[in-house]
Amino acid sequence: MELSVLTGIDLVIIIAYLLFTVGLGMYLGRKIRTGKDYFLAGRRLPWWAVGMSMVVSDIGAMDIIGMAGLAYLYGIAVANFDLIGAVPVMIICAFIFISHLWRSGSYTIPEFLEKRFNLGVRIVSALIWGIFMACNLGIMLYVTGVMIETMVGWSIMTSILVSAALIGLYTLVGGLNAVVYTDVLQCTMLFIGTTLVVFLGLDKVGGISGLTGAIYSMGDQYNNHFSLVLPADSPTPFPYSGILLGLGMVLAPAYWFGNQAIVQRALACRSEFEAKAAFIWGASLKIFLPFIMVVPGMIALVMYKNNVPNADSALPTLIRDILPTGLLGIFFAAFLAALMSSVDSYLNSASTLWTKDIYQRLFRPHKDDRHYLIVGRILTLVFVIWGVFFAIWVQGKSESIYNVFQTMFSLFQGPSLALIVLGILWWRTTGSAAFIGLIAGLLCSTTLLLTHNYASEPLFQAEDPFLFIAMWSFIVSMVSMVVISLLTPPMPDEKLVGLVFRYKRRQENANSR
Amino acid sequence: MQTLADFIASILRGPGLWLRELSLAIPMSVARGFFLLYFFILLIWVLRMKKSATSGELSGISKPVDLRPYAAMLLIIQIVIYIVF
Numbered sequence: 105m106e107l108s109v110l111t112g113i114d115l116v117i118i119i120a121y122l123l124f125t126v127g128l129g130m131y132l133g134r135k136i137r138t139g140k141d142y143f144l145a146g147r148r149l150p151w152w153a154v155g156m157s158m159v160v161s162d163i164g165a166m167d168i169i170g171m172a173g174l175a176y177l178y179g180i181a182v183a184n185f186d187l188i189g190a191v192p193v194m195i196i197c198a199f200i201f202i203s204h205l206w207r208s209g210s211y212t213i214p215e216f217l218e219k220r221f222n223l224g225v226r227i228v229s230a231l232i233w234g235i236f237m238a239c240n241l242g243i244m245l246y247v248t249g250v251m252i253e254t255m256v257g258w259s260i261m262t263s264i265l266v267s268a269a270l271i272g273l274y275t276l277v278g279g280l281n282a283v284v285y286t287d288v289l290q291c292t293m294l295f296i297g298t299t300l301v302v303f304l305g306l307d308k309v310g311g312i313s314g315l316t317g318a319i320y321s322m323g324d325q326y327n328n329h330f331s332l333v334l335p336a337d338s339p340t341p342f343p344y345s346g347i348l349l350g351l352g353m354v355l356a357p358a359y360w361f362g363n364q365a366i367v368q369r370a371l372a373c374r375s376e377f378e379a380k381a382a383f384i385w386g387a388s389l390k391i392f393l394p395f396i397m398v399v400p401g402m403i404a405l406v407m408y409k410n411n412v413p414n415a416d417s418a419l420p421t422l423i424r425d426i427l428p429t430g431l432l433g434i435f436f437a438a439f440l441a442a443l444m445s446s447v448d449s450y451l452n453s454a455s456t457l458w459t460k461d462i463y464q465r466l467f468r469p470h471k472d473d474r475h476y477l478i479v480g481r482i483l484t485l486v487f488v489i490w491g492v493f494f495a496i497w498v499q500g501k502s503e504s505i506y507n508v509f510q511t512m513f514s515l516f517q518g519p520s521l522a523l524i525v526l527g528i529l530w531w532r533t534t535g536s537a538a539f540i541g542l543i544a545g546l547l548c549s550t551t552l553l554l555t556h557n558y559a560s561e562p563l564f565q566a567e568d569p570f571l572f573i574a575m576w577s578f579i580v581s582m583v584s585m586v587v588i589s590l591l592t593p594p595m596p597d598e599k600l601v602g603l604v605f606r607y608k609r610r611q612e613n614a615n616s617r
Numbered sequence: 374m375q376t377l378a379d380f381i382a383s384i385l386r387g388p389g390l391w392l393r394e395l396s397l398a399i400p401m402s403v404a405r406g407f408f409l410l411y412f413f414i415l416l417i418w419v420l421r422m423k424k425s426a427t428s429g430e431l432s433g434i435s436k437p438v439d440l441r442p443y444a445a446m447l448l449i450i451q452i453v454i455y456i457v458f
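Protein chains in written order, with this note's numbering: chain A, 105 to 617; chain R, 374 to 458.
Incorrect hints may have been included.
To be verified - Coverage of chain A stretches by chain R, computed from C-beta distances (three or more under 8 Å per stretch; other residues unrestricted):
id	region
1	192–202
2	266–275
3	286–300
Claimed, not checked - Subject to a maximum C-alpha distance of 20 Å in a straight line, what follows is the list of computed SDA-like cross-link-like pairs (lysine to any residue):
id	chain 1	residue 1	chain 2	residue 2
4	R	Lys436	A	Arg532
5	A	Lys409	A	Gly314
6	R	Lys423	A	Leu547
7	R	Lys423	A	Gly314
In short, the hints are calculated from the structure, not lab data.
Think of the CB as a built atom: it goes at the ideal place given N, C-alpha and C, for glycine as much as any other residue.
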């Protein structure tokens, strides 16, 4: 789908959408006076906006095209990422974890970890997340550039510069408030645009019965296309063992209650209960995503069989063929919405982490809140510029660097999750145990990855072992933390009340005995 | 690096292969059961929670809201999806 396919009315829709998004972000930024306004939107965000923002921030540049492509190749098993990989975990987070994070009054997860454990855990955690977010920002801009080049025909450089300028402008001015409310608009566009594709596509293939009948008639190799649970030796990236244990038990919880970009929104809610409701509302939206993100890939399979150059071109080809003038503009605006919502989230969160956990905590702890607002804005600008240069650097390194960073991301997911799970659920977890457990988990995941890559024969049978690496590093972190906690003195009560699940009630019960 | 990697792999490969064989020996109906069991346990947990922990005021809604029915409904939908597919 290139720009030449887009007509005047499509372009008007796209430009109007972009101008409205940037204008909304700028408008929302006019009342920002303090760091709290900038990083946590003054803790005034409503549940419905935060829930929508969480969902759309999760859908990145690659996801719309990538999920349809994976559905084209492997069927609905890719929907596991939105089903077991989101809904149950968001419910658990709503009813257990977010209460403690919100009540702590923290801006960031590392800040919570210092309140619960110690400064060392905060700094290691902040550095890992801060460096990852800064690098990932560049990679997201690069992927955004590739996607816009593929779909519009602009050069990657132009695409990167234009998207960085637009996103940077409203994030710099409006902070989290602008990010969340533009996400609401982007979420709405995303649902409208992708739903249009599903309904028009289903109409082309004879409805749902036509779709299922056509795929089953294509041969035995497509028998699993309608199965969510695939065998452990399935030649796909989604064997049930990895999905249940790696995704469902480690990567999904690590993402939904351990990722700063997600949790920061919930911390900005008006009340603890609104933060809970944001997760339940987000989960309600998430459950529809397989329908609008996965089904188009299956429709493309029926319409083109194997006659598209590669899986990632399945969706663009489908869109080109089924969407009429005007609707094409709406879909393209939805596509841009998905791109922008992820980049703005990481930009704002990277700036928050570096301002609060590094700059304020280590260098200038006692300045007034306006000072941190200025630093936050300067850092947002720095990260936009850094992101552009990093994206240009990544461009020269080809696709492999993207995979390297995605794999690196999985290295610290398990240990980070172990910190939050044990920190909130088990009062006996001590600061030194948390620190050693974090390091042990990181060593485990790094060792597994290096062994897998450098041994004469790969360690894991799976082609892409990140689900298993995350699972084992989580287990090693948990075991290390439990053992060392039992060998070290418990933490004082004042470090635990409000931060640990049912700690107050446990103390009351102990006193009454 | 390769020598060290081979050494570590030689230690880990045995238990790893045993776990892989174990996961392959589990019938697919039982594997699907694990998914359903996970959702059922969560559903029971949600339904047994105290109303005070799941209810409150939300901006834009005049009456207090209980989040339990919504969470339970989502889990029931998940169960149905994993039974059908």
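How the hints compare with the structure:
Look at the region 192–202 of chain A against chain R: 5 of its residues bring a Cβ nearer than 8 Å to a Cβ of that chain, three or more, so the hint holds. Given a C-beta distance limit of less than 8 Å, the hint that chain R covers the region 266–275 of chain A is violated, as 0 residues qualify and 3 are needed. Given as covered by chain R, the region 286–300 of chain A fails the check, having 0 residues with a CB less than 8 Å from a CB of that chain where 3 are the minimum. For the given pair, Lys436(R) sits about 39 Å from Arg532(A) by alpha-carbon distance, which is inconsistent with the 20 Å threshold.
Only pairs whose Cα atoms come within 20 Å are accepted, and Lys409(A) paired with Gly314(A) is accepted, the gap being roughly 14 Å. The straight-line distance between the Cα atoms of Lys423(R) and Leu547(A) is roughly 41 Å, outside the 20 Å bound, and the hint therefore fails. Between the alpha carbons of Lys423(R) and Gly314(A) the distance comes to roughly 46 Å, so the proposed pair goes past 20 Å and is violated.
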